[in-house]
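A.B. asks: Below are the chains, spelled out letter by letter.
Number of protein chains: 2
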Amino acid sequence: MSFAPLQNDTFLRACRRLSTPHTPVWLMRQAGRYLPEYRDTRARAGSFMGLATNKDFATEVTLQPLDRYALDAAILFSDILTVPDAMGLGLSFALGEGPRFAKPVRDEAAVMALAVPDMEKLRYVFDAVTSIRTALNGRVPLIGFSGSPWTLACYMVEGAGSDDYRLVKTMLYSRPDLMHRILEINADAVAAYLNAQIEAGAQAVMIFDSWGGVLADGAFQEFSLAYTARVLAQLKREHEGEPIARIVFTKGGALWLDEMGGLDCDVLGLDWTANLGRARALIGGTKALQGNLDPNILFAPPARIEAEAIKVLNSFGAPHTGTGTGPSHIFNLGHGISQHTPPEHVQVLVDTVHRHSKRMRELPSA
Amino acid sequence: MSFAPLQNDTFLRACRRLSTPHTPVWLMRQAGRYLPEYRDTRARAGSFMGLATNKDFATEVTLQPLDRYALDAAILFSDILTVPDAMGLGLSFALGEGPRFAKPVRDEAAVMALAVPDMEKLRYVFDAVTSIRTALNGRVPLIGFSGSPWTLACYMVEGAGSDDYRLVKTMLYSRPDLMHRILEINADAVAAYLNAQIEAGAQAVMIFDSWGGVLADGAFQEFSLAYTARVLAQLKREHEGEPIARIVFTKGGALWLDEMGGLDCDVLGLDWTANLGRARALIGGTKALQGNLDPNILFAPPARIEAEAIKVLNSFGAPHTGTGTGPSHIFNLGHGISQHTPPEHVQVLVDTVHRHSKRMRELPSA
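Read top to bottom, the protein sequences are chains A and B. Its first residue numbered 1, the first sequence is counted upward by one per residue in my numbering. Its first residue numbered 1001, the second sequence is counted upward by one per residue in my numbering.
These are computed hints drawn from the structure, not numbers from a lab. In this text, a Cβ means the ideal position worked out from N, Cα and C, and glycines have one as well.
Simulated restraints on C-beta separations:
1) A:D177 with B:R1278: 27 to 33 Å
2) B:R1359 with A:D177: 27 to 33 Å
3) B:R1237 with A:D258: 36 to 42 Å
4) A:R181 with B:D1067: 38 to 44 Å
5) A:T286 with B:E1184: 43 to 49 Å
6) A:G50 with B:G1098: 33 to 39 Å
7) A:R278 with B:R1359: 36 to 42 Å
8) B:A1109 with A:R39: 30 to 36 Å
Taking the hints into account, I'd like the entire structure generated from these sequences.
C.D. replies: What follows is the structure, given as structure tokens:
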């Protein structure tokens, strides 16, 4: 496949820890319900999965935030649970509720029936990737993604979101053999899935370990981190001569940052509980850092949003401006943007990140 | 007031970082729905608040787990939200749901109407403390408690539990002046409340910062930690010649352990995400540590519960056995026990903690 040359490479350069004229910014869930144009498209699509499984709709909503804001990357519009859906668990989204699986994986028979799904069942995702990459026409790079093996396992066993993770942790502690089996299959499936996204046109891939932070110290390393590493070990490192940026985001994972520093990836995402300056001191010598504004700050008045965005940029500290590699920051939220966010506040945020981060490069002490 | 002399002082000695013959253990929410005898008493009381506001019922349920298990401390049966209820916000518990306030604090007028409540409105709590302490008859010490100023503010603004803390964080970022005003009042109210519990017979007091961990780095220090410190500064340090142990537990707070190490308290509680060995290295020289088994481990078979309890004890490491002060561990869960816990599994846990921690004192390398 051949796509238009990239016009804005700040995000990919930052992933590779190369200097950039400003700090690149994109937002988790940037194509979403806070945008009226997204709500219009979703209404036409009829449902969330109607949106996600139709490449034209998926392309349309992926590009919507780029038409409003000077974002430095696009991210595939999809869901983290497409892989277990392709395993036959029956994903659905009831209105006003989260995702739900018709056939949760709760006993040995269900675990033994699991297998890496035929990637043809996920063709709609890869078609969307190619369609979006084509429609982007080189404006910004495209990020593909998947849930982490552990995060997928949480949903697969619980059957839905959970407050206490009782079912999945009961399996983990009572039948660790079954949990390891699920995680092996998930890891191999996620790797195949992300590689197919890369072949379809994704220039970076992100693993969302949304629920890694609910695990105990020790269990996190054994049941989440090890399987994220198993995915990374199988990922394509380049495609058609271009390096592929690999990002890992563990919500609530800042406690284990030193251990995550050993992952074979380019970027680690951090939520707002982390101090970017400390994270930089710990792992900034080998990994780019992505994050970490609390999305609730977007409910504050513009002056406060500006002040808090500047605080995040300053907490990372002076940008590297040399010709080699160095500490590198990609601005993002510490979690997906809320559906209640006023769209004009996102404009304030994106513009502030660009303006202040340019100033930081001019005046290193800003 | 005069109470029977204390027979088991392991918990209070451990709080003061003095050596003990075994690692003391108690469990957050140890008097609760997982016990059939608790469910019987609650049925007689008619409701949760019916239980909490009647000193005889509160005494009965507080002592129930002590009759089953060799726990080393009792904790007042009450709720963390009694203080805002006494402020007039109208606390209720709908069946199968969490707490709810009839009059949440959402605007300037509501904030300006707040005041430290007359402690006479909380007399039922202090009466329960005295009744429980009397009924304990010196078996184990009694812990009193309150929610932290920030955690109370979360419920007061949200009006109930929350997934995203949108309302309280919107106030925090949009009107920090109002948030500081709420927190000042809460801190002074919590201090008065805990001091009255101490006067009524509580031998230790614990501040539950259940929602401190949802704050961004920087915001945690300004809106949670500073007001916990404001409570501690006002607390009685001793009562009738006996030192009062002061415990602070921030769920999700292990990232800020070094800063919490500066609090004027005796014990810091940790959830299961923390590594006790690292925590000990960081602050074990000045604070006792309390925690941190994932309560979901109690759903596993007994052999696994034993193994995981031993893992927690070993992660803290060799107990101090000298005559002065030294690193000190109080075993607990990292969160309240689940209502679905099999009661016989708690027996396995308590017995394992006692047995293995005695062995650790005999064989320092166990």
